[in-house]
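Here are the chains, one letter per residue:
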Amino acid sequence: MQRELTVNGSQHSVDVDDDTPLLWVLRDVLGLTGTKFGCGIALCGACTVHVEGAPRRSCVTPISALPDGARIRTIETLDELPEGMALQRAWLDVEVVQCGYCQSGQLMSAAALLAANHRPDDSDIDAVMSGNICRCGTYVRIRKAIKQAAAQLPRAEGAGSRRAAEEHS
Amino acid sequence: MLANDPSVRSSACSRREFLVGLAAAGGGLLVSFRLSPAMAQTSPAAADLLTPNAFVRIDRAGRVTLILPYVEMGQGAYTSQAQLLAEELEVDLEQVTLEAAPPDESLYSHPVFGDQITGGSAGLRGSWDTLRLAGATARVMLETAAAERWDVDRIECEARRGAVVHEVSGRTAAYGELVDDAARLPVPGDVTLKDPTRYKLIGHSVKRVDTPDKVNGTAKFGIDALPTGVKFAAVAACPVFGGDLGSVDERPALRVRGVRQVVKLDDAVAVVADNTWAARKGLAALDISWLEGANSTLDTARLVADCDAALESPGVVASETGDAETVEARAASRYEAVFRMPMLAHLAMEPINCTAHVREDGCEIWVGCQRLALARRMAAEALGIPLEKVIIHNYLLGGGFGRRLEADYVAQAVRIARQVEGPVKVTWSREEDIQHDYFRFHNHSRVRVELDAQQRPVSFSHRIVGPAVMARWLPIFFQNGVDLDIVGGAAGPYGWPRQRIEYVRHEAPPGLATGNWRGVGPTRNVFVVESVVDDLARAAGRDPLDYRRALLAESPRALAVLERAAEAAGWDRPLPRGRGRGLSLLNDFGSYVAEVAEVSVEPSGHLSVERVVCAVDCGVAVNPDVVRAQMEGGIIFGLSAALYGKITVAKGRVEQSNFDDCPVLRMNETPSIDVHIVESTEEPGGVGEPGTAALFPAVTNAIYAATGVRFYELPIDAERLRSALT
Chain A
0 MQRELTVNGS QHSVDVDDDT PLLWVLRDVL GLTGTKFGCG IALCGACTVH
50 VEGAPRRSCV TPISALPDGA RIRTIETLDE LPEGMALQRA WLDVEVVQCG
100 YCQSGQLMSA AALLAANHRP DDSDIDAVMS GNICRCGTYV RIRKAIKQAA
150 AQLPRAEGAG SRRAAEEHS
Chain B
0 MLANDPSVRS SACSRREFLV GLAAAGGGLL VSFRLSPAMA QTSPAAADLL
50 TPNAFVRIDR AGRVTLILPY VEMGQGAYTS QAQLLAEELE VDLEQVTLEA
100 APPDESLYSH PVFGDQITGG SAGLRGSWDT LRLAGATARV MLETAAAERW
150 DVDRIECEAR RGAVVHEVSG RTAAYGELVD DAARLPVPGD VTLKDPTRYK
200 LIGHSVKRVD TPDKVNGTAK FGIDALPTGV KFAAVAACPV FGGDLGSVDE
250 RPALRVRGVR QVVKLDDAVA VVADNTWAAR KGLAALDISW LEGANSTLDT
300 ARLVADCDAA LESPGVVASE TGDAETVEAR AASRYEAVFR MPMLAHLAME
350 PINCTAHVRE DGCEIWVGCQ RLALARRMAA EALGIPLEKV IIHNYLLGGG
400 FGRRLEADYV AQAVRIARQV EGPVKVTWSR EEDIQHDYFR FHNHSRVRVE
450 LDAQQRPVSF SHRIVGPAVM ARWLPIFFQN GVDLDIVGGA AGPYGWPRQR
500 IEYVRHEAPP GLATGNWRGV GPTRNVFVVE SVVDDLARAA GRDPLDYRRA
550 LLAESPRALA VLERAAEAAG WDRPLPRGRG RGLSLLNDFG SYVAEVAEVS
600 VEPSGHLSVE RVVCAVDCGV AVNPDVVRAQ MEGGIIFGLS AALYGKITVA
650 KGRVEQSNFD DCPVLRMNET PSIDVHIVES TEEPGGVGEP GTAALFPAVT
700 NAIYAATGVR FYELPIDAER LRSALT
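Quick note, the sequences are listed as chains A and B, same order.
Going by numbering that gives the first Met the number 0, the first residue of the first sequence is number 0, and it counts up by one from there.
Going by numbering that gives the first Met the number 0, the first residue of the second sequence is number 0, and it counts up by one from there.
It should be emphasised that the hints constitute simulated quantities derived from the structure, not laboratory data.
The reader is advised that the hints may include incorrect statements.
[Stated by the list, open to error] Restraint-style ranges between C-beta atoms, simulated for each label pair: (1) A:I40 <-> B:S246: 25 to 35 Å; (2) A:V59 <-> B:P575: 54 to 64 Å; (3) A:D14 <-> B:E654: 36 to 46 Å; (4) A:V59 <-> B:E420: 25 to 35 Å.
Since we're looking at a predicted model, the values are computed, not measured.
Yeah, the Cβ is synthetic: ideal placement off N, Cα and C, and Gly gets one too.
Here chain B stands alone, though its shape is the one from the complex (with noise of 0.2 Å):
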């Protein structure tokens, strides 16, 4: 069903761009399309086909395509987008052939990021909208068309599983049969939306279109792209950050069988050879001088002393609520926490890698990537050339969690392609790809918490240190010196009676890139806010759920959850000495979650993690098995840095390498997880990240539950606990 060949393109579409109005009508939902004029003409390639957008392709046989403009990359992102278009569409999912996107910002941008983004737990709300739409008009028109045919009103047809129907009359007409007059019509400006109570694939758990391929090993992922005469090529680049090139002898690499060319880039070498141990075996071989640069004697102790001295400085106002002078007047003591968050790598199984082949007359991309038009741009920009002769292949990703969402290997691939006759495909090692990662920077905060005379919040300060990385990757979400996105979650959902989030803008030193984390700005904050809140809690002499209580009487969705998980854990229910239980409790990326980790710690100060309970409010559960499945996963992915996600720095070089120095979390200790969905009719919510980032605190405040001790710092210092207990 999956259209595996990514190199389909979907140059038929016709050019439409709708800006959505919603307004209740019968039930239904009226939706507004407006057409830019510019792109009202319908292609000539079109003439046999029905293309009434960028979305949907239906032809003379009734072959339906559906056209996905998310990437897949685990998150089950194909599977939703088509749900929505053929619940729309009427279609059964078995009746379609799904497509990737090609990198056309035009047609396939993200509706708030304003690019080609699959990103920031937000695919789903981005298509929310414009897909049930998509599949709706392509409804309409092919109803529309058998009312015409039939001369009856249109009212009077229903589509139907691929075909339109006339009840009353018995007659039937599959979508192939109607394509050629339906393309003729013009392409409706209202159309009615399904009654969400009609639906059959949202909100159902429908099988997952990715997964059987990739349980027989056909499904193609990035680094399994195979152009003919594809060579393969190992690359180094200088592991100083920011470093360059000095210079390096070919010839041990040469003398290598299999080896081809050696390539030179300002800031590496790449070895091209007919297999890649071949090129690895030549990389090896070469004895490379590199140009340190200026970040030689860098060291993670320099990192952090630079970022606790960016806390004493004062930083921009990102929000402000409530009166300074009422607080003042209420504050009897304070409540002061400094956090410190450490630079964390992505680790995607996997491991960075981009094909391409450049020619004289423009370039091809084999890549998995979350901003194919980033991807394209930057290839255009290293090679010289005009956008359009740059053609990407989109295939599916062994894991993003943001580090996809750069585009650095696709540069350097051309830059390498470049000096290669045919196609090359660059792999970096799991080392080269943990080295050169874009690093979540190191991240400190400092909150100040002024406390009535009965122990309440009266006030709430946040200050964050960090690197901008919007400014850089996203300019629009970088407004008036702020960060919007380091500044996600600074406050929870709590109703503080004043509060203030100040940022200061700390910037890792040129050469070492910093970028998105999964969970990005809100898997630091929560860790921060809740761990406060628990701290508070306790101070007050109160049960941390009934001190949650207290401050969530603005935030109904947010107690709604914060109570489900703590029902399915089991909250009240006492348990054996050195276990303890720990909340934490987000409203981001449109949903509410609440997690309860339950830990054990042996007297030895041994830490295990044995339960995690997840209540999730995410709106619309479009596929709620996906939901599951992401929270699941979010919540492993933040154990992981909860107990081992550390990248250090010395002489100006990653010191991990490879996952026995940089350890992830396994099998043996996985906690079992619940996922609980709370039913809800709001708009979907994004779940990609919001599982990670609730996770490190439900953790730290179940160690405190069990044991007394605290942690403002990630990860979890083992030693620290074990020292702390014995």
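Next comes chain A alone, as it looks inside the complex (with noise of 0.2 Å):
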């Protein structure tokens, strides 16, 4: 059936069966790309989007459970968030990227997570990112350009961020 999107910012309309999973709409609807394929069942990771600021793993999220006109960002727009600037920088100055392929999932939940925190530490960042596979072993520098971006956030964290993260979307 006809549903209303908000995705980075911009208005669709897709008419797809209720079940079918956010990825697919980005990916083979939308043309975004960006959003991954990776196992299917919400064990990897890479499909990693954030619907209304949280954390989301599309490939198991039928556009029937989203609110109609649910506010979608993808890592097309991660740029727009503080968090996910920083994070981008610091994973081009640490290097982190090999294939890259499951990145976009990566990237997307440390935004979360530093979107809640601002000061990670390796608990926190084990308990979010090791939903997140990735088969070049590229973790240990994502570890450290989790804590690097994050270390050019201003300190305060938690609900203002959010609301801050909110305002951009």
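Hints are included, so try docking the two chains, each in its own frame, into the full complex.
Spelled out as structure tokens, the structure:
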């Protein structure tokens, strides 16, 4: 059926079956290929996007589970979030990336982590990032880059920065 | 900077074949090209461009395009290749456009493999001379053109950052101003390469060229290709190895909204739809009857038993050195051990996929593949059309690890596309990706070591059982009945007084496809050899580091990495109870690598790998940070397999299906990793695979040090560890 979505600030009307996961709407219908397919059952995190500011595995998020007009952010506009831009810079500075296929999901998960917590420690990072698989083995650098990006953000955290994130969305 | 449109083809390149002879000359290197007469004609299309070879193009506007023969799958190949070319061409990386080479064996074959292959940790080794020469040749032609224009000696002209400068007169000409004159010059037979002390790019950790697009979602992998009008397909091949399609009623799929078509192949069914989800739903709706064939009762127990049986039969002698009689006279005791390694899948993050459009006039393919020329051949063969009718657009690879050295999915995609109007993207589910892999097959080894009265080894015999992947995949590496890959590293870098390597060829049942897996032969053999050496050291009551030192008198580079890793790991520092360190060492892929793993094992038997220290001597480290990244990644890839890697078979089917029953290492299990690069001026060695190959025994030796429990089989059986300790 017909559904309204706001993806990266643009409104879209899509006509697919209700059970169609957001992943395939983004990739196949809207042509936003930055969000990746990895496992199809929320085990690898490659498909992570933000729905109303919260991280979601788009491969198991049927379009019918989204509120009408839901605001969705994908990797393509991650740089609009202060956390996102800090992470992208740190990712390049630390040279995190190898093949790069999982990195959209890694960055979206990390951005959600930082939006809620500007000073994550190792266990905070483990708790959020262990849901994202990287087969090239960039985990050591991801951890380093998250800490480096966090250091660029003001110490104030939690609700304040979440509001800031929403203002940008 | 990176030309993202892989459809741009480098057909304007002139065809020159060069054989490289290196001789020291005045601090630089004198290089001889030998032109193949048939190829010496410059292509007419190149008239307005300087195209001295297949790797460099410069146009009148001064735009420099570098053509990179090896594909990017995360290993930093684009960056390192660009560094080699740009270094000798005297351009900044910011000044160039990079282009992936199209499939063309005559221009872009790896000098050792004889085919267009990115793999075997061999890309940089294959391009070290070729690409530096290609850059230097273009640079010399530009310098010569400037010298002739200014009527000065070429020696006085110097290329700098995309221009030729005549210091004495203060004149400068940008490359673009010189290309017409330079293109009329004969391609020089000899060019002098830069003195390494003048390197500005080689040996420096320049920023990777492929990564900016990979943090903002714009990088295009094969799975991201969206040619106009593309449809989306889900596919199921017969779940039993080698089985075929029996029958299928198409109607349930066609009732799914968005499904356009059901395509039947001999061994698979594909559903084509408006989006991938509709295709998957359609496929799931089908009740497919398969002809299971000969493998319908195959299981892992039989595969292992068959391998064990093969271990009892004599093989082909792959290598034999030393004098048997002297050994027998000295031998006082014998050590013997059998090692068993499981089937493994690759699990690249980008599931297998290929997009194809078959038209009356030919076929167009969009794919990321480690072996483009093979992909093109297989597509042409599957369609029964000439090679030149197949156009391949080469995309970034979301991981290869050996899986994308095959092109089965390209052949499958064109067979589907042949029945579809317009382009179709075939995307395998993760389950399909795991269950229809080209598996690293079961591999068993037996080692016998004869020891003298002082417990010193006098002979080392290693019998290897496994498939000859090279016989199918790269026949020049299958010689006199020996797969040259599977025996790689079979004796380690040690000076055994006598050694004998035997190979028993043992293929998987027909239908079960076997292939290359990161680290290839050495991934298996380093585990065997380094476990044996550790056992021998323990049996002799010696420290494993000390024991190895005594065997490495003839291998200074191996000894140096070993010492470096041991020192960095604090080998001699005592550890608390339940902790242990393990060593491993390899010399393969043209590199030397030592690793020290530190593990902790709780009294309950719970294992954690805390830290891995790695020392690598890979000759000249063209990009040291890329070298470090490859070692880190290789270690993590190896650790996934050491802890979890196992594909099992029941009723002819793979039992695993996704990351739940086929787990891989995650962030919370990742050890700290320190990589130390040993400075070297030797030719570059490979770095993609040795980090993985060295990991397994470092961990199992550390477990032994911590607990006294030795693992001769992989993956490490956590249950066995628990029951041994509790």
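Cross-check of the supplied hints:
Range check, A:I40 to B:S246: about 29 Å between beta-carbon atoms, so the 25 to 35 Å window is met. A C-beta distance of roughly 43 Å is found between A:V59 and B:P575, which places it outside the suggested range of 54 to 64 Å. Separated by about 39 Å at the C-beta atoms, A:D14 and B:E654 satisfy the suggested range of 36 to 46 Å. Between A:V59 and B:E420, the C-beta spacing of about 32 Å keeps the proposed range 25 to 35 Å intact.
The structure fails hint 2 only (numbered hints given earlier).
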